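The residues making up each chain are set out below.
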Amino acid sequence: MIAAFTIAQVIVACLAGLLCVAIGLAGRRPNDLTLGALVLVEVLLLAQLVVALIAPALGNHPTGSVPLFYVYLISAVLIPPLAVVWALIERTRWSTVVLGVAAFAIAVMVVRMQQIWTP
Amino acid sequence: MSGAQNTESPEAANTDGAAGAGAVARRTGSGVGRVLVAVYAVLAIAATGRSVFQIIDRFAEAPVAFLLSALAGVIYLVATIALAARLRMLAIITISIELLGVLVVGTLSMVAPAVLGLDSLDPFGRESTVWSAFGAGYLLVPLVLPVLGLLYLRSTAVRAAKG
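Protein sequences appear in the order of chains A and B.
Residues in the first sequence are numbered consecutively from 495, following my numbering.
Residues in the second sequence are numbered consecutively from 42, following my numbering.
It is worth saying that the hints were derived from the structure and are not from the lab.
Hints are not guaranteed to be accurate.
[To be verified] One side of the interface only, derived from the structure: several residues of chain B facing chain A at Cβ under 7 Å: (1) GLY72; (2) ARG75; (3) ALA79; (4) VAL80; (5) PHE94; (6) VAL115.
[Unchecked claim] Where chain B lies over chain A, by a calculated footprint (3+ residues, C-beta under 8 Å): (7) 498-508; (8) 543-551; (9) 584-591.
[To be verified] Just a sample of chain B residues kept apart from chain A, beta carbon distances all over 10 Å, derived: (10) ILE96; (11) LEU140; (12) ALA155; (13) GLY158; (14) LEU184; (15) ALA198.
Please read all numbers here as calculations on a predicted model, not as lab measurements.
Cβ coordinates follow ideal geometry from the N, Cα and C atoms, glycine included.
Chain A extracted, bound-state conformation:
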């Protein structure tokens, strides 16, 4: 993993989480802004997947458990789409908060992924 990219990703995920929780508690249903924030979080996760696949070939080898890293990464990749689908099934203010919860979960998981890559 690339530490700077990981930090940027965690910041984006936390900001997306704060945004969605705040907008949700303000009573807004999922909208383009909050759903877009989750799409951004997902795009960065997919970028992280590409980085993880390419990095070892470029000399950036993981020193920790590779299978565990991918368990986290693949689980993380699945979370934003599930949150978005669930938000669209029942569109209430709380669905927007759920989007925020998903974004915060991603932030925590990415921190753990960095710890696993380089213990």
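Given chain A, work out where chain B should sit, using these hints.
Frame of chain A, contents of chain B only:
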């Protein structure tokens, strides 16, 4: 696709959850309960995934702790489903077990870690489990969540009785 939910205006729907409280018997899988279900789902995946990996990778290191962790993961999964599917009694039972588990195992992990086969108390360490040190490795969510869950179930029960 124009489902039933799309027939109401966004303005009217903005206040649902708050304004709708008390009008009907509250269902646990909707409204603010959705947030609870989401947090439970994340914790269930985190606890189950991690314990499965620990059991496959290093079961001999701390078998009691890892099995307890797997049990916790399964209970979180059942609680998530119970909350989402509005199985109130099952939700109360599983969430009560969680609260008991985090208190008992959390205390054991601090006072007598050897009973659980734990060498290290590092909440982020390789032997860390969901209930060790009261769930410190999971930002204490395992300690706080059952309390919130039971309070939520109680509040919806009161509303359901009034409705």
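Here's how the hints hold up against the structure:
For GLY72 (chain B), the interface hint holds, since its Cβ comes within 7 Å of a Cβ in chain A; the closest pair sits about 6 Å apart. A least Cβ separation of about 5 Å between ARG75 (chain B) and chain A falls short of the 7 Å threshold, and the interface hint therefore holds. Interface restraint check for ALA79 (chain B): the shortest CB-CB distance to chain A comes to about 4 Å, inside 7 Å, so the restraint holds. With a least beta-carbon distance of about 6 Å to chain A, the hint placing VAL80 (chain B) at the interface is held under the 7 Å criterion.
For PHE94 (chain B), the interface hint holds, the least distance from its beta-carbon to any beta-carbon of chain A being 6 Å, beneath 7 Å. Residue-level restraint check for VAL115 (chain B) is violated (minimum Cβ-Cβ distance to chain A is 17 Å; threshold 7 Å). Proximity of the stretch 498-508 of chain A to chain B, defined as three or more residues with a beta carbon under 8 Å from a beta carbon of that chain, is not established by the 0 residues found. Coverage of a stretch by a chain is defined here by at least three residues with a beta carbon nearer than 8 Å to that chain's beta carbons; for the stretch 543-551 of chain A and chain B the count is 0, and the condition is violated.
Beta-carbon proximity to chain B at under 8 Å applies to 7 residues in the stretch 584-591 of chain A; the threshold of 3 is reached and the given coverage holds. For ILE96 (chain B), the shortest C-beta to C-beta distance to chain A comes to about 13 Å, beyond the 10 Å cut-off, and the non-interface label holds. Every beta carbon of chain A lies more than 10 Å from that of LEU140 (chain B), the smallest distance being close to 21 Å; the non-interface claim holds. Every CB of chain A is more than 10 Å from the CB of ALA155 (chain B) (nearest about 25 Å), matching its label as outside the interface.
At roughly 20 Å, the least C-beta separation between GLY158 (chain B) and chain A is larger than 10 Å, which holds for a residue marked as non-interface. With a least beta-carbon separation of about 16 Å from chain A, LEU184 (chain B) lies farther than 10 Å from that chain, consistent with its non-interface assignment. No Cβ of chain A approaches the Cβ of ALA198 (chain B) within 10 Å, the least distance being about 19 Å, so the stated non-interface status holds.
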